[in-house]
Amino acid sequence: MEAAQEVTEPLLRVAGVTKRFGGFTALDQVDLVVAPGERLGLIGPNGSGKSTLVNCIAGTLRSESGRIQFRGRDIGREPAFKRVHLGVARTFQIPRPFASMSVIDNLRIALLYGGKAKVTLDAGRATDEAMHILGQVGLAAKADTMSGGLTQVDMRKLELARAIAAKPALLISDEAMAGLSASEVDDILALLFGMKERGVAVIMIEHVMRAVMKFSERIAVLVAGRKIADGDPHAIVANPDVVSAYLGQ
Amino acid sequence: MKCLAAWFSGALIALCLVAAPALAQQPLKIGFGMSLTGPLAGNGKAALISMQIWQEDVNAKGGILGRKVELVYYDDQTNPSTVPSIYSKLLDVDKVDLVVSGYGTNVIAPAMPIMMQRNMTFMGLFGLNVNSKFGYDRYFQIMPSGPEPAIGWTQGFFDTAMGLSPKPQTIALVGADAEYPALALQGAREQVKRSGLKVVYDKTYPPNTVDFSPILRAIQATNPDLVYVASYPPDSAGMIRTASEVGLKTRMFGGGMVGPQFAALKAQLGPLLNGLVNYESFVPEVADRFPSIEQFLAKYQARAAKEGVDVLGFYLPPFAYAMMEVLEQSIKAVGSLDQAKLADYMHKTEFTTYVGKVRFGANGEWAQPRMLAVQYHGIAGNDLDQWRKPGRVTVLTPAPYKTGSVMTPYQDSRK
Amino acid sequence: MPADFPTALVLNAVVAGLLLGGFYAAVSVGVSISFGMLDVVNIAHPAFVILGSYIAYLVNDRTGFDPIAASIVLSPLFFALGMLIYRIYYLCFEKRGQESLRGLAFFFGILFITEVALVLVFGVDYRMARSAYSDTTWRLGPVDFPMRLVVPFLVSIAMVIGVQLFLTHTFFGRAVLAVAQDALALRLMGVNTFRVKEFAFALSIATAGVAGAFLIVIQPVQPSIGREYIGLVFAVCVLGGMGSIWGTLAGAFVLGLAESFTSTFFGPSWAPAVSFGLLLATLAFKPAGLFGR
Amino acid sequence: MSNRAFAAVAFASALALIAASQLVTNDYYFSAAYTVLQFVILATAWNILGGYAGYVNFGSAAFFAVGAYSSVFLYKAAHPPLIVMIVTGTLAAGLLGLAVGYLTLRMRGVFFAIATLALSVVLYTFVVNWDYVGGARGAYILQPRDLPFGLKRYIQVLYAAMVLMAAFALVVARTIETSAIGRGLAAIRDDELAAECAGVPTLRLKILAATVSGALMGMAGTTFPYYLSYVEPSAAFNLSYAVNSIAMPLIGGMMSWLGPLLGALLLGTVQQVVQVTVSSEWNLMIVGVLLVVFVTLAPNGIMGWVEAWKRRRK
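Protein chains in written order, with the working numbering: chain W, 4 to 252; chain C, 126 to 540; chain F, 906 to 1198; chain Y, 1280 to 1593.
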């Protein structure tokens, strides 16, 4: 994918990002760095600001202060769709399929508009590529069913498929595994690991600690809008602040 | 796509066959569109009833040219965009022998191009200034607004005003944002130029205004000698009611208000009408000049209550009837339905109708304006019968119909 | 204040604006419930107001009873009519989860049907109700208070406050507020949301009936006048803030005052443009409206 | 069928309809057809923003009036040929559509609908106070004497213009519907946030849809002054344009260009037929009953029935 990467330049740099909703401070001076192809776990109790951070990076929310840089370029002011073109793709915690369309049509939207949209796909190649991605997430059989009628699990898979179809450099997976069975968690994990070979960095937000520990090369912890820890997964788990934050002493 | 045209015309022809006239002695068909729904339905239905009364009278006398008269009409819903379809259906599908117009400028103008293409003689019912742009020589209009309609319409008010001594200096003009009031105000502005008055207020208001006190207070602040109002029934009621609530002080108030001519407003407003100077087309005070009108009004009033329309019928019904009388007399005189001969006859002849002598000028409007300018006085209570006999109205102009002079100022004559 | 400052004119403009706002609030409070809280786009609300006008006129004409009092006594009739209309609406749309657009066309149909029914029953002549206070006007210094507008104003404020108190202080009322926020949650708590919504919609039609009596006391009414009020009722509801009764009252006063001041000082013809321009600005900069949630 | 083929068929049918009209000697069909075609254009145009993108425009009468009044303005100013009026009116209404497009930046769903309603009231007040185009008095527009292509009566010229414009509107609607833009708009209709995060430039597409929809609605109004020969604000801003441009796509079906066409042909023809056969208040009642019945029995419109029937048959 990318040419040789200068060592120092990170893929994503989030510096001093603050976000307030009226009086409530959802994010307070958060810094975060993601290297190309890196697998980062983002954890924290509910309401710690994880989704808000995702929305600020993806562009659906605008932070009051701080800078967000992607491949060295400031994307803080860019609309969400432009960030997708630049290579930032995200899934939604609560799936949001295009209900009036079939599963494969959902993919076609992402292929047409997401993946470096400059590449104009003729119908034929678009269908093959869509089927290929659907195969990866295990939805090939349901290509023609209406996406509105899918089960919760399948909808989560569709979310991932749409993000992949955007050919991102950074994929943000927002609780894609909540409520899945062990085998399904493993399927998704295998998929996300696959992204690594294609040089795609992944930020995984999960509560399933088994998956997070297995997947993450690095873990960042958000509590009440502030990043309280960032580093090697095992050190993080042993870190007293993190434990107290989670177990709520 | 091609099936569209076939299917479309097939459906319509089938429907028209259903409505095709019986093959017996061919009836003489007169076609028109009329507002039976929408804001002007009140006038439309009153006109329709009057024309039906005329139809019954004529058929009782054996019809015209030995043929029974039949009225073919459709509801234009007070929506001008229905008019071209209605009139081309009447002419091309129903094949009516004669056409007359609906009520009001908005629905008369759209029919003009079709009339001009077919060279039909076209009688208009209360259209203000319609023919000025078309200049069609077979257009005739029954409302007595005179050769320059907008001027003739406002003549009574201004003649009366300029007759006051000392001469009034300032005038306030106010009217609704709609076709008739805008034309009436245009006429008033022209009158102001001719009489050298100074305009101190000249604004319009949206037709669905609820509260008129802001407008009348703004007018009162300019302290005008005269207040000329051009309005539709709901606004007229609002203006008159607010004038008493605000205690309007001016020498003459009124002018071009549609509404006080109708029974509904006469009953609702009652004593509030005292002192108002307004136009009317017929009042009992001049009944002696129109011998047979009582007979018509009796028939009309009998049916009006049941049909839920204006109970008195002073404003429009006599003229709707008179319009048909002119047609009737012309056909009988010419002896045929030749449009050219009819038009020519109508230009030359002075007709005697329920509304007296009717003579048309070159542009089809009345040769002489004959709108009555009246002042209401001595009204007590809200019953309607006080209006059926003379005594509540002073006719100010035109001179031949004058029954008294104007009482001013408005606030004193209101008591 | 400068000598020529038109204090009387300004004072009267304020009073006229408030009185007009009171009437606008009565006409719009029903929409604030049906549209603001139930998300039912009831375009035919003004038609029910006109129906209320005619019923009040009928009673007043036959028995000489005061039209506004008559409308309050007869409001249960409108309440029942509201329940019937909502049942049809619920069966055809809500149950199938149709979005409110379909309901829009449904209510356009109801608007036309009601208007023609009124034309057939009452004819097309202008009707107006006579009441004892129709022609009396109180004068306090330079300001005058026409009873024709003051009585509807007072009863309207009472009605709006009554609706607000009902919604906040009774079980059923709170259920209506809850259904506005999260119908699903309410259903999970075992509340029959259909019954609650039906009640709320019926209440909105009842307010329409009473507002109709105000209208026919203020000005003559004719079946097709309802069409003029469609824009106004939604403007007041949205300007004030969706689903907020206080918001509706505030929105009504803002529009009433804007119209009154524009008519007095600038030009009556521009009054609707000013009012709806105000609404456009509010929607652009504060979509939730003045008091919206 | 490719867009080019569809365009060819559409314009061929249009020319066929115009040719067929030479056989019709009866003017009534031209007037009735003019009105029905007017609604075909209005409904098709409305559906581009309302059906494809899901933004309900309450103010379609305002766009229609912009088209009509730009023709009145040109008639008074320079008296240009009809085609110039049509193009100018379409562009003027397109500008208004552009402005409305930016409205979608701040407003969604029913707020957007109310905003377009407010916009049409503001525009109405401007036109009422614009004396050059007649204001509240109304303006007279006399139909030209010399008729092109040897047509006998001017209504036939207007009919031909409307047929060609209807074909053009259908081609534009279908081209948008089957293109990437159409897919993007459908995504916006289903879930705007998800569409934005799938890379769809939602604002740009909404503005495009609003501009094209507005322009075509204006186009429907450009020949109206000649048809009526007397235009005043309450005729151009009539409630029937707002009601029909929403009801027809709803009744026909909003998912494809065929829906508004069917809805307009059905409801438009019924209104024309009822208006000249049932001569009293009943024609307004019939339209009301038709609206209620159709919207309740055919939730997704006629096309909805067709789709359901096809799915059941497969």
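Don't read these hints as lab results, they were simulated from the structure.
Treat each hint with caution, since some may be false.
As the list claims (entries may be wrong) - Below, simulated EDC-like cross-link-like pairs (lysine to aspartate or glutamate); rule was C-alpha separation at most 16 Å, straight line:
no. : chain 1 : residue 1 : chain 2 : residue 2
1   : C       : 328       : Y       : 1410
2   : Y       : 1431      : C       : 217
3   : C       : 374       : F       : 1103
Claimed, not checked - Just so you have them, the derived chain Y footprint on chain C, three or more residues with Cβ under 8 Å:
no. : stretch
4   : 181-187
5   : 218-231
6   : 316-330
7   : 343-350
These numbers were taken from a predicted model, which means no experiment stands behind them.
Backbone N, C-alpha and C define an ideal beta-carbon position, used for all residues, glycine too.
Hint numbers contradicted by this structure: 3, 4, 6 and 7
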